[in-house]
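*Asks:* Sequence:
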Amino acid sequence: MKTKEKTKLETQYKRQNEFIKENYDRVSVTLPKGTKDRILATGESVNGFISRMVAQELSKVNKQSQPPF
3 MKTKEKTKLE TQYKRQNEFI KENYDRVSVT LPKGTKDRIL ATGESVNGFI SRMVAQELSK
63 VNKQSQPPF
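Heads up: the sequence shown begins at 3 in our numbering, then just goes up one per residue.
What the hints contain is simulated information worked out from the structure, not anything from laboratory work.
Bear in mind that the values here come from a model prediction, so they are computed numbers and not experimental data.
What you were told as hints is all true, and nothing was included just to trick you.
As a list, the in silico DSS-like pairs of lysine-lysine whose alpha-carbon atoms are at most 27 Å apart:
1. K8 / K23
2. K4 / K16
3. K16 / K6
All chains, please: the whole structure from these sequences, using the hints.
*Replies:* So, in structure tokens, the structure goes:
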């Protein structure tokens, strides 16, 4: 039989996963060996680094595709 604490924890995980599924896109990235260590050496998390770089590139693309007026 499940304990109350275990059931509560499972419910919490389920809610977290539902929130993430509804509000975020999940992407898997495969990088050459050593890339993760190089990113971590910058002092930033891998997720933070990739998110920042994607946002920067999308910003450039959006600026280029807008009419000049």
